[in-house]
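Chemist: Start counting the sequence shown at 84; every next residue gets the next number (this note's numbering).
Careful: at least some of the hints might be erroneous.
[What the hints assert, rightly or not] Distance condition first, Cα-Cα at most 25 Å in a straight line; then the derived BS3-like pairs of lysine-lysine:
| # | residue 1 | residue 2 |
| --- | --- | --- |
| 1 | Lys233 | Lys319 |
| 2 | Lys200 | Lys319 |
| 3 | Lys200 | Lys252 |
Because the hints were derived from the structure by calculation, they are not lab data.
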Amino acid sequence: MPGRSDQPNILFIQTDQLAPQCLGAYGGIAITPNLDRLAAEGVIYERAYCNYPLCAPSRFSMASGQLASRIGAFDNACEFPASIPTYAHYVRALGYQTCLSGKMHFVGPDQLHGFEKRLTPDIYPGDFTWTADWSLDRFPGATDSRAVTKTGICARSVQLDYDDEVTHKAVQEIYDIARSGDDRPFFLQASYTHPHEPYLCQQRHWNLYEGADIPPPSVPMLPDAENDAHSIRILKQHGLHGGEVPEADIMRARRAYYGMVSYIDDQVGALLAALEASGQAENTVILFTSDHGEMLGERGLWFKKTFFEPALRVPLILHAPGRMAPRRVAALCSLVDLVPTFASIASDGAWDGSVEPLDGADLTTLRADDGRAVHAELLCEGIKAPIFMIRRGRFKFITGGEDPDLLFDVDADPDERRNLAGDPVHAETVAAFAAETARLWDPDALSAQIVLSQQRRLLIRAAHDQGTRPHWDFQAPDTTEDRWFRGEGNYNDWAFDYLPVKGATP
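Please work from the sequences and hints to get the whole structure.
Modeler: Here it is in structure tokens:
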């Protein structure tokens, strides 16, 4: 299907581990003028969630529009099958040129998944290095306590190196598209690793928060008697169980995190400036989100792998002036909604091209709380059986394995301190959630699939360690040499291949 002249470009900006409550659009204090502008001019989804609070499974679920368990995305080292269509495939079939700059955490030999071009390598391994193993009591690849104690100011980090390159390549691509002969609209994803830990930022971003009233965690580290079983496991996995992190360490890490969020805003600003300078801003829809949130010391927890609000919620802003009026949407939504949303934008709402049932819905038509639910999963290391979450209306239900059920009234109890699962007043609510869980998942069958997947991948990983190891990591082609004049053709034709300067005399 050829691209149509009325199809907008789509710029998809994704971050890693960005908690929405830090942003001004969600009541936070982060200094983010570019994101504030997108929010003021766009649609803010106030209750957006990820479907798996861990990087790779969340991204595979988001890209496919399906829950991670349906596509075998059990942990950070599960192969994302090339046979599963992604939003890049769907919009490409609708006439778009597709390009990726940055992190996607694809695992397996297919490192494109519908993108025609990929501008950077990934930052994480594309093989089975991080395979979970439920037969072990610990996971060697887990983040440890240094992420909380070694924080603050840095001159440079590998994350800064990577994300600077993501922006540089994406900005260049925006200009290259503008002066190319390809008249198809573009779908460009710029995907960053910030503000993922370690919590380190440069001096200029640290200075932005000098004297700022950065809020401390609302809920301190809980004693085991007041804590839930999964949180205790995660604290042990990260080496944080059994002792309070000093307040100075907590606040230093949180300040650095805010600095990292401001760094991300700078990258967004560079992308917006390129769109404006190249004359493509007015016809480009922008969607901004993250793969999951960040606990940031709440309940003594950091990072993700939990269903509490700070880790599960994500920012979601859809900027489409002239197409969608600015507003705030309170209805529940989640990242599996992105596939039908992108396809709807690409087809002016006429898309019906899914080849299989999807778990998401078109966000452009979502306005009021329509009673829909959000579903999420944990199937990775740190547990011994699948754990499931359902958020519907004011309630959040968490169940799985041998852990006691959890039920929270998130509206009345936003810190999720009062477990209502054993309260007779809420017995019918618990029963309804339990029935919905049984309809959606078969935990015994899923556990068997997960363990078999782990054992297969562990065997393959051991085999690959013998002899020549296959490399699935994507290496971006170096096209720099092709850009410069090498004596072929006419110099002036080459030199005057530039975008006109706005306002300049022709």
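Chemist: Could you tell me which of the numbered hints above are not met by this structure, giving the numbers in increasing order?
Modeler: Violated hint: only 2; rest satisfied.
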